[in-house]
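*Asks:* Spelled out, the chains give:
2 protein chains.
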Amino acid sequence: MQRIGFLGPEGTFSQRAALIYITDKPSELVGMSSIRETLLAVQHGELDLAVIPYENSLEGSVNVVLDILAWEVDLHIINELTLPISQTLMINPGARWQDITEVFTHPQSAGQCRLFLEKQLPQAKLYLTNSNSEGANQAKKNGITAGAIGAEQAAEIFGLEVALRDIQDNRNNFTRFVVVGKNPAHNTSDQNKTSIVFSTEHKPGSLACILDIFSLWDINMSKIESRPSRGKLGRYIFFIDIEGHMTDPDVRDALTMVKRKTTFYKFLGSYPRVDSDK
Amino acid sequence: MQRIGFLGPEGTFSQRAALIYITDKPSELVGMSSIRETLLAVQHGELDLAVIPYENSLEGSVNVVLDILAWEVDLHIINELTLPISQTLMINPGARWQDITEVFTHPQSAGQCRLFLEKQLPQAKLYLTNSNSEGANQAKKNGITAGAIGAEQAAEIFGLEVALRDIQDNRNNFTRFVVVGKNPAHNTSDQNKTSIVFSTEHKPGSLACILDIFSLWDINMSKIESRPSRGKLGRYIFFIDIEGHMTDPDVRDALTMVKRKTTFYKFLGSYPRVDSDK
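Quick note, the sequences are listed as chains A and B, same order. Under full-length UniProt numbering, the first residue of the first sequence carries the number 1, and numbering increases by one thereafter. Under full-length UniProt numbering, the first residue of the second sequence carries the number 1, and numbering increases by one thereafter.
There may be inaccurate statements among the hints.
Stated by the list, open to error - Only pairs whose alpha carbons sit at most 25 Å apart, straight line, appear in this in silico SDA-like list of lysine to any residue:
#, chain 1, residue 1, chain 2, residue 2
1, B, Lys232, A, Ile219
2, A, Lys141, B, Pro107
3, B, Lys203, A, Arg273
4, B, Lys261, A, Ile240
5, B, Lys125, A, Gln138
6, B, Lys119, A, Val30
7, B, Lys266, B, Met221
8, B, Lys232, A, Ser86
9, A, Lys203, B, Lys259
10, A, Lys232, B, Val197
11, A, Lys125, B, Glu102
12, B, Lys266, A, Ser222
13, A, Lys119, B, Ala41
14, A, Lys232, B, Val64
15, A, Lys141, B, Ala124
16, B, Lys259, B, Thr247
17, A, Lys125, B, Ser33
18, A, Lys232, B, Pro272
19, B, Lys232, A, Val274
20, A, Lys203, B, Asp248
21, A, Lys125, B, Val64
22, A, Lys119, B, Met32
23, B, Lys119, A, Pro107
24, A, Lys25, A, Lys182
25, A, Lys119, B, Ala70
26, A, Lys232, B, Phe174
27, B, Lys125, A, Leu40
28, A, Lys266, B, Arg235
29, B, Lys203, A, Pro204
30, A, Lys203, B, Asn170
31, B, Lys125, A, Gly143
32, B, Lys203, A, Trp217
Said to hold, decoys possible - Estimated spans, in silico, between C-beta atoms of each pair:
#, chain 1, residue 1, chain 2, residue 2, range
33, A, Ile20, B, Asp24, 56 to 62 Å
34, A, Val274, B, Glu156, 51 to 57 Å
35, A, Asp166, B, Glu161, 44 to 50 Å
36, B, Glu72, A, Asn183, 41 to 47 Å
37, A, Ser33, B, His202, 35 to 41 Å
38, A, Asp74, B, Lys125, 25 to 31 Å
39, B, Leu216, A, Gln2, 47 to 53 Å
40, A, Asn183, B, Gln123, 29 to 35 Å
In case anyone wonders, no lab produced these hints; they're calculated from the structure. Model, not experiment: these values are computed from the prediction. Beta carbons are placed, not taken as given, at the ideal position from N, Cα and C, and that holds for glycine.
Chain A with its partners taken away, still in its complex shape:
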């Protein structure tokens, strides 16, 4: 039975993504205490796979995931899944949400609900936690002046009540999760996506040159994200997703050229693509 890790504890959005992923696959789900711990456990063989949040349509990429995949581990993305995310305000039984003065939540959820917090709860102090479930736990402990933001299922687990649903700044809120493991996935789909990370020479036109390679081979790009290269300001590494599988001749040829024109290049995986128009 495969062991699959997620950012725990019970009641996180990551747990929900992991539960959806393992439908029909006999698996043991393991709640981990941080994203780094989860990814390193896969690298060291203590877990077979991990389900990890990768990017959100409001708050953007999860920086720590990008940095660890680029620099600290050697893992492959073998699948992706996209979940609609409804951020829920949870309070203690008997409380009124308008009266709370403390809100506990993870920074990603806080980032997705910035306008709500500013406009509807200007008096409330924000306490950032390591997971939304920990936030719910803290809200429970702090009583009727406290609330938590996160996935609705945390309310039941921690004995809170749902006060408001869909409090994120835009109803259209999705998080894309990726499944990572030590071995690449086989090509089993005719709709695939390939993820790479690279850096280019620090001179004019070097990023344009890479993007032109994809244009030349008519390859669609569905994600581009820059991260600092951890040295000097103004030097970046780029995370790009393209349509197609590493074993498609055009993708293979384009990536051969990309590799030639970059100073750092890492293949992160080819995997079945989920409806890309979320």
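Given chain A's structure and the hints, the job is docking chain B onto it.
*Replies:* Leaving out everything else, chain B in the frame of chain A:
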């Protein structure tokens, strides 16, 4: 006397940047409680200028700043300054840093010290705060089991001792701050930088087309950063910095073309460039 806002309270890196900026300019510094509040106060005329953290060489752009400049205010960047950032571990007098079990800090500083926290303080629980100064204040209140990470000057303000300096994951750590106001800056330097934000059509090659415009006019790009466009996954807006001033004929012509080829375009300012090779 001009009123200049920064993310307070006393002892933050933003305060240090603001103090450096106002050398020789008679000014009143005003500590604000959030970055949004600071930028909105400039927009509404309650402050003349604000000094705001924009990007860090380890942790990347400050998402909330990019989102507010793109969507919520109509302000101009009129200056930039880059500071070396030394993250400091501060503890209560009489404590041993190896024994602390709680660390209080802002998410940006936590992101810059991820490896240190994981390797040197694996037993310590991380509590995220709204500013580093608030973290130092919390560490003081929580006694010898608690520590804070932030700017060294917070130690004196909050009665803590410096246990370790330069604990960020890479000694080479810089934060770039920008000064924003309601009116554009005059062209007073021969070394300038121009910042824009835009989005392109969702079709292959549309970002490559924009970057090719800068190549065509031989304009150097010193920053590119993508942010989700707050609607669908896979749609982005791009923040780009180029060398040169809006009033330079080449920059003017290139940006005229960029404007024509983008679906959303906003000019964020032309301002004197600081040594770009930090």
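*Asks:* For every hint, state whether the structure bears it out.
*Replies:* Each hint, compared with the structure:
Restraint check for Lys232 (chain B) and Ile219 (chain A): the C-alpha separation of about 20 Å stays at or below 25 Å, so the hint holds. The hinted pair formed by Lys141 (chain A) and Pro107 (chain B) meets the criterion: a straight-line CA distance of about 23 Å does not exceed 25 Å. Under the criterion of a C-alpha separation no larger than 25 Å, the hint pairing Lys203 (chain B) with Arg273 (chain A) is consistent with the structure, at around 18 Å. Using a Cα cut-off of 25 Å, the hinted pair Lys261 (chain B) and Ile240 (chain A) holds, with the two alpha carbons roughly 22 Å apart.
The straight-line distance between the Cα atoms of Lys125 (chain B) and Gln138 (chain A) is roughly 14 Å, inside the 25 Å bound, and the hint therefore holds. For a cut-off of 25 Å, the pair hint linking Lys119 (chain B) to Val30 (chain A) stands: about 23 Å separates their Cα positions. About 17 Å separates the Cα atoms of Lys266 (chain B) and Met221 (chain B), which keeps this hinted pair within 25 Å; it holds. Simply put, Lys232 (chain B) and Ser86 (chain A) have alpha-carbon atoms about 15 Å apart, close enough for the 25 Å limit, and the pair holds.
The suggested pairing of Lys203 (chain A) with Lys259 (chain B) holds, with an alpha-carbon distance near 24 Å, which does not exceed 25 Å. Only pairs whose Cα atoms come within 25 Å are accepted, and Lys232 (chain A) paired with Val197 (chain B) is accepted, the gap being roughly 22 Å. For the suggested pair Lys125 (chain A) and Glu102 (chain B), the alpha carbons sit about 20 Å apart, so the restraint of at most 25 Å is met. Distance check on the hinted pair: Lys266 (chain B) and Ser222 (chain A) sit about 23 Å apart at the alpha-carbon level, within 25 Å; holds.
For the hint pairing Lys119 (chain A) with Ala41 (chain B), the CA-to-CA distance comes to about 15 Å; that is within 25 Å, so the pair holds. The straight-line distance between the Cα atoms of Lys232 (chain A) and Val64 (chain B) is roughly 22 Å, inside the 25 Å bound, and the hint therefore holds. Simply put, Lys141 (chain A) and Ala124 (chain B) have alpha-carbon atoms about 21 Å apart, close enough for the 25 Å limit, and the pair holds. Our distance criterion of 25 Å between C-alpha atoms is met by Lys259 (chain B) and Thr247 (chain B), whose separation comes to about 16 Å.
Using a Cα cut-off of 25 Å, the hinted pair Lys125 (chain A) and Ser33 (chain B) holds, with the two alpha carbons roughly 11 Å apart. The hinted pair formed by Lys232 (chain A) and Pro272 (chain B) meets the criterion: a straight-line CA distance of about 19 Å does not exceed 25 Å. This hinted pair checks out: Lys232 (chain B) and Val274 (chain A) have alpha carbons roughly 14 Å apart, not beyond 25 Å. For a cut-off of 25 Å, the pair hint linking Lys203 (chain A) to Asp248 (chain B) stands: about 21 Å separates their Cα positions.
Between the alpha carbons of Lys125 (chain A) and Val64 (chain B) the distance comes to roughly 18 Å, so the proposed pair stays at or under 25 Å and holds. With a C-alpha separation of about 17 Å, the suggested pair Lys119 (chain A) and Met32 (chain B) falls inside the 25 Å cut-off, and the hint holds. At most 25 Å may separate the alpha-carbon atoms for a hinted pair to count; Lys119 (chain B) and Pro107 (chain A) meet this at roughly 22 Å. For the suggested pair Lys25 (chain A) and Lys182 (chain A), the alpha carbons sit about 18 Å apart, so the restraint of at most 25 Å is met.
As the CA atoms of Lys119 (chain A) and Ala70 (chain B) are separated by approximately 19 Å, the hinted pair is consistent with the 25 Å bound. Distance hint between Lys232 (chain A) and Phe174 (chain B) is fulfilled; the C-alpha atoms sit about 8 Å from each other, no more than 25 Å. The straight-line distance between the Cα atoms of Lys125 (chain B) and Leu40 (chain A) is roughly 19 Å, inside the 25 Å bound, and the hint therefore holds. At most 25 Å may separate the alpha-carbon atoms for a hinted pair to count; Lys266 (chain A) and Arg235 (chain B) meet this at roughly 24 Å.
Taking the CA atoms of Lys203 (chain B) and Pro204 (chain A), the gap is about 24 Å. The hint holds against a cut of 25 Å. For the given pair, Lys203 (chain A) sits about 24 Å from Asn170 (chain B) by alpha-carbon distance, which is consistent with the 25 Å threshold. In summary, the hint linking Lys125 (chain B) to Gly143 (chain A) is supported, as the alpha carbons are separated by about 22 Å, within the 25 Å threshold. Taking the CA atoms of Lys203 (chain B) and Trp217 (chain A), the gap is near 14 Å; set against the 25 Å cutoff, the hint holds.
Judged by the Cβ atoms, the range 56 to 62 Å given for Ile20 (chain A) and Asp24 (chain B) holds: they are separated by roughly 60 Å. Against the hinted window of 51 to 57 Å, the Cβ-Cβ separation of Val274 (chain A) and Glu156 (chain B) comes to about 53 Å, which satisfies the hint. In this structure, Asp166 (chain A) and Glu161 (chain B) meet the distance hint of 44 to 50 Å, their C-beta atoms being roughly 47 Å apart. Remark: the range hint 41 to 47 Å for Glu72 (chain B) to Asn183 (chain A) is upheld by a beta-carbon distance near 45 Å.
One distance hint, 35 to 41 Å for the beta-carbon pair Ser33 (chain A) and His202 (chain B), holds here, with the actual separation near 38 Å. The hinted range of 25 to 31 Å is satisfied by Asp74 (chain A) and Lys125 (chain B), whose Cβ atoms lie roughly 30 Å apart. Look at Leu216 (chain B) against Gln2 (chain A): about 52 Å separates their beta carbons, and that is inside 47 to 53 Å. Distance hint check: the CB atoms of Asn183 (chain A) and Gln123 (chain B) are about 34 Å apart, consistent with the given range 29 to 35 Å.
When the structure is compared with the earlier hints, no violation turns up for any of them.
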